[in-house]
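Produce the complete structure using the sequences and hints provided.
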Amino acid sequence: MVSHAPTSGSDDPLDIHGVVPPTITAFHEDESVDYEQTAAHAEYVVDGGAHGVFPLGTNGEGPMLGGEESDRAIEAVVDAVGDRVPVIAGVGAPSTHQTLRRAEAAEQAGADGLVVVTPYYFPLDHDAALRHYRRVCAATDLPVYVYHIPSKTGNSLSLDTVDELATIDNLVGIKDSSKNVPWLGQAIDAHPELTFLSGSDSLLFPGLEVGCSGMVSAVANVFPEIVVDLYDAYDEGDEARARELQSQVYDIRDALKRGPYMAGVKTALSLRGFDAGDLRDPLTTMDEEDTAALEADLEELGLL
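In my numbering, the protein residues as written are 1 to 304.
Keep in mind that a hint or two might mislead.
[Unchecked claim] Only pairs whose alpha carbons sit at most 20 Å apart, straight line, appear in this in silico SDA-like list of lysine to any residue:
hint, residue 1, residue 2
1, 152, 200
2, 257, 240
3, 257, 151
4, 152, 202
5, 257, 239
6, 152, 120
7, 152, 189
8, 152, 132
9, 179, 128
10, 257, 303
11, 152, 63
12, 257, 236
13, 257, 290
14, 152, 290
15, 179, 211
16, 257, 241
17, 257, 235
18, 179, 262
19, 257, 300
20, 179, 189
21, 179, 162
22, 257, 269
23, 257, 287
24, 152, 128
25, 179, 150
26, 179, 159
27, 257, 224
28, 179, 132
29, 257, 202
30, 179, 210
31, 152, 253
32, 179, 209
33, 257, 295
34, 179, 247
35, 152, 259
36, 152, 287
37, 152, 300
Keep in mind that the hints were calculated from the coordinates and are not lab data.
What follows is the structure in structure tokens.
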């Protein structure tokens with residue numbers, strides 16, 4: 001039970017709160033999906049104390065997977081941890097048509113909720129965003145969480161659009177990776193019925209302070225115990241300890257950002273003894289020099 005930390009939105013049937021890592025998708029050497037290791041990573045973070053899992057987000061390389069691959073990955077994660085924590089699966093796509101198909105498949109695979117990224121590549125205005133989310137929500141009985149990450153999608157949702165989205169019956173939350181704290185604070189203030197999840201490791205403690213009930217943390221993909229400790233400290237009312245742990249997360253985040261985009265998480269996992277495989281092309285993993293530097297960073301932080 002939540003004590004000091006913010007509670008989830010009153011409309012959220014899953015009560016999403018705490019640490020919800022955006023779990024990785026593992027690949028074999030030929031770039032085919034390694035479903036067994038993908039499921040094993042979900043178990044890894046849940047064993048580390050995670051309160052839920054979010055497969056096929058950005059860290060899960062969701063946009064890189066085809067339809068059948070996505071379906072099987074979600075099913076593997078649900079089979080592995082679905083009886084322990086909520087599984088909120090990423091199903092977003094550039095078109096509403098694609099998103100509807102992925103949402104239906106994720107529901108059939110046993111996901112507890114759907115995370116629907118704002119459609120990307122093409123510009124999206126207020127009316128188009130509303131039409132998209134209304135159609136997706138009408139097509140599923142599952143709770144839907146908006147994934148707001150304008151730096152990647154090119155589409156930002158206005159506060160007026162959020163007001164309209166909040167009227168959709170089974171749209172119950174927003175995972176915000178905009179890093180726009182004034183926007184996030186105003187959205188939370190206006191909509192206590194919605195669950196808000198902070199989507200950046202730079203804003204775990206600040207996110208709790210402004211009212212996020214949970215955190216989608218890339219650092220938690222590698223060091224779930226540290227981010228869980230941060231959340232638990234905050235929930236117990238020990239904000240000084242939570243601040244200290246946020247400082248540690250900043251250091252880890254800086255280390256993981258070394259080298260090619262998103263390579264740090266899988267490389268750090270390998271340094272902890274978990275084989276996550278490579279990223280799928282055109283994303284690349286770290287070379288030997290960057291890997292050695294990351295290892296040195298993590299050793300200096302006392303994490304290896």
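So which hints don't hold here, by number, going up? 2, 5, 7, 9, 12, 14, 16, 17, 28, 36 and 37
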